[in-house]
Amino acid sequence: MDARYWYSLVSLYFTLLAWTDKKKKITYLIDISIPNDLNIQAKYNEKIAKYTDLAIEMLWKQARVEIIPLVMNREVIHRKKPAAAIALVIACGYFLTKPEISRRWWVRPWLEDKTEGALNLVKRDFPQVPEQFKQFSRLSKANFEKLLLLVTPKIEKKNTTFRNAISSRDKLFVTLRFLATGESYRSLMYSFRIAESTISLFIPVVCRAIYDVLKEKYLKTLTTVADWLMISKEFQTKWDIPNTIGVLDGKHIVFRAPRAAGSKYYNYYKQTNSIVLLALVDAKDGGVFRQSTLSRAIAQNYLNIPENKSLPGRQKPVPCVILGDAAFPLSEHILKPNSLRNITREERIFNYRLSRGRMIIECTFGMLANRFRVFLTTINLSAEKYRL
27 MDARYWYSLV SLYFTLLAWT DKKKKITYLI DISIPNDLNI QAKYNEKIAK
77 YTDLAIEMLW KQARVEIIPL VMNREVIHRK KPAAAIALVI ACGYFLTKPE
127 ISRRWWVRPW LEDKTEGALN LVKRDFPQVP EQFKQFSRLS KANFEKLLLL
177 VTPKIEKKNT TFRNAISSRD KLFVTLRFLA TGESYRSLMY SFRIAESTIS
227 LFIPVVCRAI YDVLKEKYLK TLTTVADWLM ISKEFQTKWD IPNTIGVLDG
277 KHIVFRAPRA AGSKYYNYYK QTNSIVLLAL VDAKDGGVFR QSTLSRAIAQ
327 NYLNIPENKS LPGRQKPVPC VILGDAAFPL SEHILKPNSL RNITREERIF
377 NYRLSRGRMI IECTFGMLAN RFRVFLTTIN LSAEKYRL
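Residue numbers (the working numbering): 27 to 414.
Please note that the accuracy of each hint is not assured.
Only pairs whose alpha carbons sit at most 35 Å apart, straight line, appear in this in silico DSBU-like list of lysine-lysine [as the list claims (entries may be wrong)]: (1) Lys180 with Lys259; (2) Lys264 with Lys184; (3) Lys184 with Lys160; (4) Lys180 with Lys160; (5) Lys160 with Lys172.
Between beta-carbon pairs, the in silico distance windows are [as the list claims (entries may be wrong)]: (6) Lys264 with Arg374: 21 to 27 Å; (7) Glu333 with Val231: 41 to 47 Å; (8) Thr178 with Tyr216: 22 to 28 Å; (9) Asn330 with Phe376: 35 to 41 Å; (10) Lys183 with Leu402: 40 to 46 Å; (11) Tyr378 with Glu182: 27 to 33 Å; (12) Leu255 with Glu142: 54 to 60 Å; (13) Ala323 with Leu255: 38 to 44 Å; (14) Val231 with Lys172: 31 to 37 Å.
The hints are simulated quantities; they were obtained by calculation from the structure and are not laboratory data. All values reported here derive from a predicted model rather than from experimental measurement. The C-beta atom is built at its ideal place from N, Cα and C for all residues, glycine as well.
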């Protein structure tokens, strides 16, 4: 069949036909766009360079590529005549019988109109009303700008010729709203006019970026004796509890486990699927613990816990301890309340003092869940993303 006839059949956007021999793992590219003029060799070399770029490797990886220019090299066509004939027939039938399908929109029309979305409200009105801004994002305007400056290098994307990327500011707004309310991605889509699939991609990235930029300052693990002794002194001053270097507790974060997970994430005590958030806090603000890395770090003294020292008014040295509730196992550095069965007056006073010291972590978890209500809902995310 004459190549000029093919050129008239195929749109200018489909000037490259392909046929793959799966057994031989060879892909034949039938080029019908090379002009038949004096500069044909230069044009052919230009085509060769273009076809060997990464695009070809992505489209036809796992296969060797053979290029057949139909209008310039008769010897190549003669050697590859069977393959070229089959490719032409297949391609001809495809283009002649292919039904016309109307192209779907790149972005749904109502998603393109950002003037009615929540982002426009946040940018236009909330900066003038600090209370509303903080209620919406759970951060003050100043703290939001500081956090944005820190995470922008990790979450910013470049604009392309196809469309503009979502700004780092918009990503942070959507992520903070997700953490503040626990709304589903679909609900956020209707509020912010951003596609659900796009939201599902950038929220885990932003959460990871927030963790990376803030962990060294706010989630620092103490590893020096001097730091532990400073915390012990604060507990003695503020709560009148000597030799205490922290308060330990856990919170169950409920999520919808995948079908194939079985009982991997099921907690029989809470009767739900959950991941435990284990926290060790200082004086300023069960079985799960036994299996945690924190338990091993304490038991093997990876954290450089201070040596035993005597209590006020006593001579015998005792270990520095972390206060826990009845669910935690009693150990050298974990102190738990006495059993309420046949309790004496002294033991009751001890339990009261220990409970008074543990109010710190109860308030910490309470403030965390009250500000970021995602911890009070059941989140439809995979366990891997949930652990971020």
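Structure-based check of all given hints:
1. For a cut-off of 35 Å, the pair hint linking lysine 180 to lysine 259 is broken: about 38 Å separates their Cα positions.
2. For the proposed pair lysine 264 and lysine 184, the alpha carbon gap of about 50 Å is over 35 Å, so the pair is violated.
3. In summary, the hint linking lysine 184 to lysine 160 is supported, as the alpha carbons are separated by about 29 Å, within the 35 Å threshold.
4. Note on lysine 180 and lysine 160: the hinted pairing holds, with a Cα-Cα distance of about 24 Å set against a maximum of 35 Å.
5. The straight-line distance between the Cα atoms of lysine 160 and lysine 172 is roughly 14 Å, inside the 35 Å bound, and the hint therefore holds.
6. Roughly 22 Å separates the CB atoms of lysine 264 and arginine 374, a value that falls within the hinted 21 to 27 Å.
7. Checked against the hint of 41 to 47 Å, the C-beta distance between glutamate 333 and valine 231 comes to roughly 44 Å, which is consistent with it.
8. Between threonine 178 and tyrosine 216 the beta carbon distance is about 26 Å. The supplied range of 22 to 28 Å therefore holds.
9. Look at asparagine 330 against phenylalanine 376: about 28 Å separates their beta carbons, and that is not inside 35 to 41 Å.
10. For lysine 183 paired with leucine 402, a C-beta distance near 32 Å fails the hint of 40 to 46 Å.
11. A hinted range of 27 to 33 Å is violated for the C-beta pair tyrosine 378 and glutamate 182, which are about 52 Å apart.
12. At about 57 Å, the CB distance of leucine 255 to glutamate 142 agrees with the hint of 54 to 60 Å.
13. The hint said 38 to 44 Å for the Cβ distance between alanine 323 and leucine 255, and at roughly 18 Å that hint is violated.
14. Under the hint 31 to 37 Å, the C-beta atoms of valine 231 and lysine 172, about 19 Å apart, miss the expected range.
Hints 1, 2, 9, 10, 11, 13 and 14, counting from the list given before, are not met by this structure.
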